[in-house]
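K.L.:
Single-letter residue listing:
2 protein chains.
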Amino acid sequence: MELAEARQQFIQSWGVMGSQWGINRTMSQVHALLLISEEALCADDIMAELNISRGNANMNIRALLDWGLVYKHFKAGERKEFFVAEKDLWTAARKVIKERKKRELEPVLDMLETLNSTEFTGDEEKVRQFSKRVADVRTFARQSDKLLSGIVKSDRKWFLGGFARLFGK
Amino acid sequence: MELAEARQQFIQSWGVMGSQWGINRTMSQVHALLLISEEALCADDIMAELNISRGNANMNIRALLDWGLVYKHFKAGERKEFFVAEKDLWTAARKVIKERKKRELEPVLDMLETLNSTEFTGDEEKVRQFSKRVADVRTFARQSDKLLSGIVKSDRKWFLGGFARLFGK
DNA sequence: AGAAACTTTCAATAAGTTTTGAAAGTTCAT
DNA sequence: ATGAACTTTCAAAACTTATTGAAAGTTTCT
Numbered sequence: 001m002e003l004a005e006a007r008q009q010f011i012q013s014w015g016v017m018g019s020q021w022g023i024n025r026t027m028s029q030v031h032a033l034l035l036i037s038e039e040a041l042c043a044d045d046i047m048a049e050l051n052i053s054r055g056n057a058n059m060n061i062r063a064l065l066d067w068g069l070v071y072k073h074f075k076a077g078e079r080k081e082f083f084v085a086e087k088d089l090w091t092a093a094r095k096v097i098k099e100r101k102k103r104e105l106e107p108v109l110d111m112l113e114t115l116n117s118t119e120f121t122g123d124e125e126k127v128r129q130f131s132k133r134v135a136d137v138r139t140f141a142r143q144s145d146k147l148l149s150g151i152v153k154s155d156r157k158w159f160l161g162g163f164a165r166l167f168g169k
Numbered sequence: 001m002e003l004a005e006a007r008q009q010f011i012q013s014w015g016v017m018g019s020q021w022g023i024n025r026t027m028s029q030v031h032a033l034l035l036i037s038e039e040a041l042c043a044d045d046i047m048a049e050l051n052i053s054r055g056n057a058n059m060n061i062r063a064l065l066d067w068g069l070v071y072k073h074f075k076a077g078e079r080k081e082f083f084v085a086e087k088d089l090w091t092a093a094r095k096v097i098k099e100r101k102k103r104e105l106e107p108v109l110d111m112l113e114t115l116n117s118t119e120f121t122g123d124e125e126k127v128r129q130f131s132k133r134v135a136d137v138r139t140f141a142r143q144s145d146k147l148l149s150g151i152v153k154s155d156r157k158w159f160l161g162g163f164a165r166l167f168g169k
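Going line by line, the protein sequences match chains A and B.
Quick note, the first sequence lines up with residues 1 to 169 if you use this note's numbering.
Quick note, the second sequence lines up with residues 1 to 169 if you use this note's numbering.
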């Protein structure tokens, strides 16, 4: 198989996965491209490889920097900016978990805390039942938050090591 | 606070979270509505509560059944179908993980396995570097898959119990 | 200060996704 | 076999999100 073809396959597949998880397809593709690139790439390289406009490239590169998945890299004698991906995927995954937890889980958690400490007006029995459900969901969400925090704080060994001992007991 | 208002807040917030994770907003809202409903609801109840069309309600209820997050419920003497949510969120979460793993992680894993056992044509050094990157990503993806499988198989106690002992050691 | 090299912004447009609603399909009771 | 009750389908419309490209902005060099 041609190397170029294999690269495209990797980039496409990574893009599809991203879009299924609510991440802009182009952003995932830029990430994929940088992941498999040894050399730091500049905006023009990325535009050319992925066939996208300058604006689109710029916006998605900024987003990746923002997530901490890509770093700026300056080459001596070159004026433009180059970019490299965080190549350690465990580090990258932890950043994604941390960030999504903050952006997407915490607002729900806040809503649940608020509802949990509010008194409702309405049919007494219905209020009782609703409060019970909210409390259940809150417990679950807090537990999930705790689990994710633990993962973010844990080190590579935990991830690389066997998980067998962690479950079922 | 009015009970009705609180219900809307819960439903909206759950809908936003879903959409951020690549799940149709209406589907999350139907799920939220069923989660906080003691009684089983029929299509018309859901249409009325969420102000959506019959087609939309039907399509999203089917999807939730498909994910195993909602069950059909028949009421004696009633001809129409009623629906209830799986109220145990740990059970629901495991189903979601299992399903997303299958639908969204496994295709990437397959791509990585294929690329990993393919010889590439092209500049020798570039091929070597690309293969190394693919191997790295594959290792990470397999490890993630293993971790998720463990979670899916683990029991509630593991989730409810303290995670402290699991990390950092 | 001016010009070149580069990055960012943003309004217009394109692409993609979701929703609707009416028609077709199904099931069940008589 | 018919009709009422209910569910499913699907093409068209509405809505949302992503992308473009040209203009504006910034930085660096002489």
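Hints were generated in silico from the structure; no laboratory data involved.
Being a predicted model, the structure only gives us computed values, none of them experimental.
Incorrect hints may appear among the rest.
Which copy is meant is left open, because identical chains are indistinguishable; a pair holds if it fits in one copy or across any two.
[Stated by the list, open to error] In silico EDC-like links for lysine to aspartate or glutamate, alpha-carbon gap of 20 Å or less:
| hint | residue 1 | residue 2 |
| --- | --- | --- |
| 1 | 146 | 88 |
| 2 | 95 | 145 |
| 3 | 132 | 99 |
K.L.:
Against this structure, judge whether each hint is valid.
P.N.:
Now for the hints, and whether the structure bears them out:
1. For the homomeric pair residue 146 and residue 88, the shortest alpha-carbon distance between copies (18 Å) is at most 20 Å, but the shortest distance inside one copy (24 Å) is not.
2. Proximity of residue 95 to residue 145 under the C-alpha cut-off of 20 Å is found in both arrangements, the shortest distances being 15 Å within a copy and 18 Å between copies.
3. Taking the shortest alpha-carbon separations for residue 132 and residue 99, neither the intra-copy value of 30 Å nor the inter-copy value of 28 Å comes in at or below 20 Å.
Checked against the numbered hints above, the structure breaks only hint 3 and satisfies the rest.
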